[in-house]
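Engineer: The chain contents come next:
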Amino acid sequence: MAINEETVKQVAKLAKLEIEEEDIHTFTKEMDSIIEMVEQLEGLDTEGIEGTYHGLNQHNVWREDKASNGTDREDLFKNVKTRKDGYIEVPAMFDNGGSEA
Amino acid sequence: MNFLDYTLEELHDKLVSKELTAVDLVEASYKRIEETDEQVGAFLALSKEEALQAARETDEKGIDPNNVLSGLPVGIKDNILTKGVTTTASSKMLEDFVPVYDATATEKLKGAGMISVGKLNMDEFAMGGSTENSAFKLTRNPWDLSKVPGGSSGGSAAAVAAGQVPVSLGSDTGGSVREPAAFTGLVGVKPTYGRVSRYGLIAFGSSLDQIGPFTRTVKDNALVLNAISGHDPKDSTSYNGETPDFTEGIDKGVKGLRIGVPKEYFNEDAKETGVIESVRNALKLYEELGAEIVEVSLPHSRYGIPAYYIIASSEASSNLQRFDGIRYGYRSENVSSLEDIYVKSRSEGFGLEVKRRIMLGTFSLSSGFYDAHFKKAAQARTLIRNDFDTVFADVDVLVAPTTTTTAFEIGGKIDDPLAMYMSDILTVPVNLAGVPSLSIPCGFSNDMPVGMQIISKHFDEQMMYRVAYAFEKETDFHTKKPAFKGGE
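Protein chains in written order, with this note's numbering: chain A, 16 to 116; chain B, 3 to 490.
Hints are computed from structural coordinates only; laboratory data are not their basis.
No residue lacks a Cβ here, since even glycine has one placed at the ideal position from N, Cα and C.
Treat the hints with caution; some may be incorrect.
[To be verified] Chain B is nowhere near these chain A residues, computed Cβ spacing over 12 Å in every case:
(1) H40
(2) A82
(3) D100
[As the list claims (entries may be wrong)] Straight-line distance between alpha carbons at most 20 Å, and here's what the computed EDC-like set of lysine to aspartate or glutamate pairs gives:
(4) B:K112 x B:D66
(5) B:K20 x B:E62
(6) B:K265 x B:E62
(7) A:K96 x B:E335
(8) A:K28 x A:E45
(9) B:K85 x A:E89
(10) A:K28 x B:E355
(11) B:K85 x B:E51
(12) A:K96 x B:E350
(13) A:K28 x B:D326
(14) B:K415 x A:D47
Work the whole structure out from these sequences, hints included.
Structural biologist: Structure, rendered in structure tokens:
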């Protein structure tokens, strides 16, 4: 086993996801076989090889430091679910807690 | 009026000579959608009113005789933003999301006079190879309705194959344009990374994603890529060099060219031998046309799938953090705290495959696994990229099958994520290396279309189109029409 149910729960927490208790077994099994597959990379000698992290080797892209108008504020609110006094409204985050961040 | 009978240039000539109007074409598109989409299921949303309005304006203004795309209908994959028209990425997370701006690719097509008729189904957030991961509907392959159209751009492929639109846009992160193009007998391109702006493309794997068109012919494809390419200040990863005319030199033929055949892409023990046979026949034709066929090796190909799934999923887990239920997108009603909004909105809004990828990516990036996973995959990516650089010092293009099989049955792989991942084995190395690749129809196996990919050097799409065009000119696979057989 490359991964167990405990690790799956821990990773889910990091990813802000909840896996239903009844699905955790199947989910772990699937994740395990996927991780086992990606760990084929262990067999590859990469000693001294630089990693590639970009699609195109293009560094330091600059533009003129000139102000321009962004997207209209009202437009940006069009997809907001709850709004109050010009802000996005969400449930109270301090009084009733819950956030571990 | 059947789009399957005409190239874009032929449609353009009819518009210029006033034999047809832009309104005629848009109406023909909706008529065909009405007739076939109950079976095929390509479209998620239609923008009829806007499209007809745009067509009327085009007709009033007159067709620009120098602009071949002017007045032609197009369908757009539902992860490419269209101002005022719902864009869902086939996810419950974005079910009611209406963009307030156009993606650069959308804007460029509109600027070229194309008329968007609607949005096309896909695997949720472009994760999948069959379009079965859509939260909304199933898309069927017009060649055999019991089979998948491929994915993730399955709706984009099915719509063109069914003659609903002459062109569509898709996106390709690990094969999501080329695989469905192969499965539906179309021409589909994954341009060089950076060729097309990703601004307004809902991000999946940002160092891999590229937008590319689906068409029925090679030249049509080059014409549409001409229109959407170019540097974009809004995407700093877009290429700031020149954009050539991709149709230039397209009819120069292959005489004297060196075509590399990567041996790792020809699995002689394959279950479906018809695929490799078709590609081998194509290579024979190239030889007859004067090309030199050279066997080459891309020795790190087998690390493509593991490296790809780590890199793409890691980038996705980071990109998809933005879906937090706050500013836009799905918000769970069942919440009592801020943490609840995040966790419940994401858990209810994302489908199973998206969760798997986020989990794999989060795991691969987590401390303790970063070196063995993410860093190792990035190093493997360098080796894969070097493989391509090495062979391109010796050959002009590479030719290989796009997929190992033709389109598979609906339901055939959906319960086995690993089997589904393996269907990308011949397409992901191209995304990791950043090189361009075009899939074109090259034969039939089990009565289903076979796709062959032509891979060229970074930013040498002209060579890729030239080699593809030489084959198309001598064959008639691109003129075959789907049977709409099978189904329920």
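Engineer: Compare the structure with each hint and give your call.
Structural biologist: Hints, one by one, checked against the model:
no. : hint           : result
1   : H40            : holds, 14 Å
2   : A82            : holds, 14 Å
3   : D100           : holds, 16 Å
4   : B:K112 x B:D66 : holds, 13 Å
5   : B:K20 x B:E62  : holds, 12 Å
6   : B:K265 x B:E62 : violated, 55 Å
7   : A:K96 x B:E335 : holds, 11 Å
8   : A:K28 x A:E45  : holds, 18 Å
9   : B:K85 x A:E89  : holds, 15 Å
10  : A:K28 x B:E355 : holds, 17 Å
11  : B:K85 x B:E51  : holds, 14 Å
12  : A:K96 x B:E350 : holds, 16 Å
13  : A:K28 x B:D326 : holds, 14 Å
14  : B:K415 x A:D47 : holds, 18 Å
Figure legend: structure checked against the earlier numbered hints; the only hint not met is number 6.
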